[in-house]
Amino acid sequence: MRHGVMIFSVIISYWRNITLPWICGILLASVLLAMPGKVMAGAAEDPGVVDAVDYGAYLARVGNCMGCHTTKGGQPFAGGRRLSTSFGVFITPNITPDKETGIGLWNQQDFWQALHQGKSRDGRLLYPAFPYTEYTKVTRQDADAIFAYLQSLPPVSQANPAHDIFFPYNSRALLAVWRTLYFKEGVYEPDQSKSTAWNRGAYLVQGLGHCNACHTTRNMLGASQDNALAGGQIMGMNWYAPSLSSHLEAGSGDWEIEEIAALLTTGITERAVASGPMATVVRQSLQYLSQEDVLAMSTYLKSLTENDTGNAPGVHFSVISGSLRRHLELGGKIYREYCQECHGADGKGAPGIYPALAGNRGVVMDSPLNVIRSVLNGGYPATTAGNPRPYGMPPFQQILRNEEVALVVSYIRNAWGNRASLVRALDVDQGKGGDD
Amino acid sequence: MIRFIILMLFCITNVANANGNAVPDTMAERVKACTICHNAEGKAGRDAYYPRIAGKPQGYIFNQLRNFRDGRRYYHAMAILLENMSDEYLREMAQYFSSLQLPYPHPEQIQMLPEEIELARHLVYSGYPERNIPACSACHGDILMGVEPAIPGLVGLSRAYITAQLGGWRNGGIMRIQTSDCMSEIANQLTENEVNAVAKWLANQSVSGKPGSFNELSPELVDRCSQTILEHGGAE
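Those protein sequence lines, which keep their order, are chains A and B.
Under the numbering used here, the letters of the first sequence match residues 1 to 436, in that order.
Under the numbering used here, the letters of the second sequence match residues 1001 to 1236, in that order.
Honestly, the hints are just simulated from the structure, not real lab data.
All residues carry an ideal CB built from backbone N, CA and C; glycine is no exception.
There are no misleading hints in this set.
Straight-line C-alpha distance at most 27 Å; calculated BS3-like pairs for lysine-lysine:
| id | chain 1 | residue 1 | chain 2 | residue 2 |
| --- | --- | --- | --- | --- |
| 1 | A | K302 | A | K194 |
| 2 | B | K1043 | B | K1210 |
| 3 | A | K72 | B | K1032 |
| 4 | A | K348 | B | K1032 |
| 5 | B | K1210 | B | K1200 |
| 6 | A | K302 | A | K348 |
| 7 | B | K1032 | A | K432 |
| 8 | A | K333 | B | K1032 |
| 9 | A | K333 | A | K348 |
| 10 | A | K333 | B | K1043 |
| 11 | B | K1043 | B | K1200 |
| 12 | A | K432 | A | K333 |
| 13 | A | K99 | A | K119 |
| 14 | A | K184 | A | K194 |
| 15 | A | K184 | A | K119 |
| 16 | B | K1043 | B | K1032 |
| 17 | A | K99 | A | K72 |
| 18 | B | K1043 | A | K432 |
Over 10 Å on every C-beta distance to chain A, these chain B residues come out as not near it, computed from the model:
| id | residue |
| --- | --- |
| 19 | L1100 |
| 20 | Q1101 |
| 21 | M1112 |
| 22 | H1122 |
| 23 | Y1125 |
| 24 | S1126 |
| 25 | G1127 |
| 26 | P1129 |
| 27 | A1160 |
| 28 | N1171 |
| 29 | M1183 |
| 30 | K1200 |
| 31 | S1206 |
| 32 | N1215 |
| 33 | V1222 |
The shape of chain A in the complex, shown without the other chains (with noise of 0.2 Å):
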């Protein structure tokens, strides 16, 4: 008798251990699957029935609309907010119904226009800043929704700068000769061998979540290479957007679907942190994605690396020397003083609280410009509903010099399994400033 409880409670705690967060995410999936379905979740009801206001609002978070037509502690959908690019500075209008400075003279068709085609309601051509080159899959329908609600705000008078941007950018002749080069307009169009969920999440993430304006790798004329979510540094950003659609990024192949949603939704899991813009997408639009809209993105994007098996991430040696590990240790000194209390002796942090260092995809990223980041500024994970008293990461500028944020770099990248390029204090330096 006493033999037989003594098994079960190692059982148990072989199964806290090991598998809790996967049954955590199981549970909070039959408890997101047993909840009746929001009306506002889209994809399933028939939004024709639903309040269309409270409909556009929530699509309207999905697209962030708010992010970036509102600045800082400004009004909320007023515009003003400035938004630094390599071809110059574009300033985001005002989208509140006020009819002199916003958009309160607009018709449906209109508002259909911008948002589908990327042309103005006097048909100006727009500046693709406004991410309608993903925008363009919304549904007409969703459209009209998200048109309802901005209508429905009270209108704001303010009248925002004009755009300062650079010759020859400034030309709009020059931006009709884009449009015909990269701009393909059109609604999703369902794949039919594949799931409603899987539907509904690549409308989502290609459409309004507008996923692909940062997580993509443009060519000097701002133009995304195509819409597969490959990654790239983000213009007049500095900080580097990984691929979402490689094992060797931000790839989630082999991540549960409930466990990529539960990083979507709360901005934090086990394995992963959502930081800096990252982290505002999180506060600003995901974490109010409804639970099947989150699940649907999380099979889409899961989907997106199932079947990829490539080589390990870039390394370039696979076997540490003598004088390379001597050289590592001089970092290992400096994590043991300034990180070991947070990141843990073995690399493993304290989920939930403080990311796991080792076998973070983030950290052992071909591109080590986000990891410098993290050290020189420090961060907060997003306050949301799922982790609203986050713990946070001092910054070591004011602390550690160029060539010491190197090392302890090079270190975490190469310490407990981690394989990674070196880092110099000149990758350092190019780490700083950058944004605003």
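For this one, chain A is given, so just place chain B on it according to the hints.
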């Protein structure tokens, strides 16, 4: 939705415990990213002077955190940390730092000429009504320990910090650029000499006593500062 949240929380905390690395579930642990710069004593950092924030009035700290986050007060390192924080969490941090009772450092010992001392005392305790400058003590409290909930104390600060703050308002400099309130109006009226004298004198005073209560403020001054001390600071 509530069920969903509770479950998420359950998962996060449970997973953490399961790992065995026990991280204290305290505010002190959560604000380590702040205390790397802010401790009991203000200190000169590599890029700026890091003021002591422990024990300042809660509403004042909350206002400042929102100002840094929303770009109304400028300091890059803090703007990055606060970028994605909710008002609720900022309020909790403010409450935490406000409740900290850390011993104050010894006052500075800066040499002052008798006429400087006289000038500073006059500003602090009498002001210049004809220039529309009330006594500093009329707002910052008789013993200059601040007034709840949103007026900070003036003692326990360093000369470098006081000069920088008054300078920030005066020059329309980068630090408090967008705040236009009762304090910025006063700072803008002070002369260079007055700023120097009052900064030295304040830094020489030792700290004792507690912040005053709101009722001590005259209705006229409450009115003058209403934007700062009622709208946000009175929020709690």
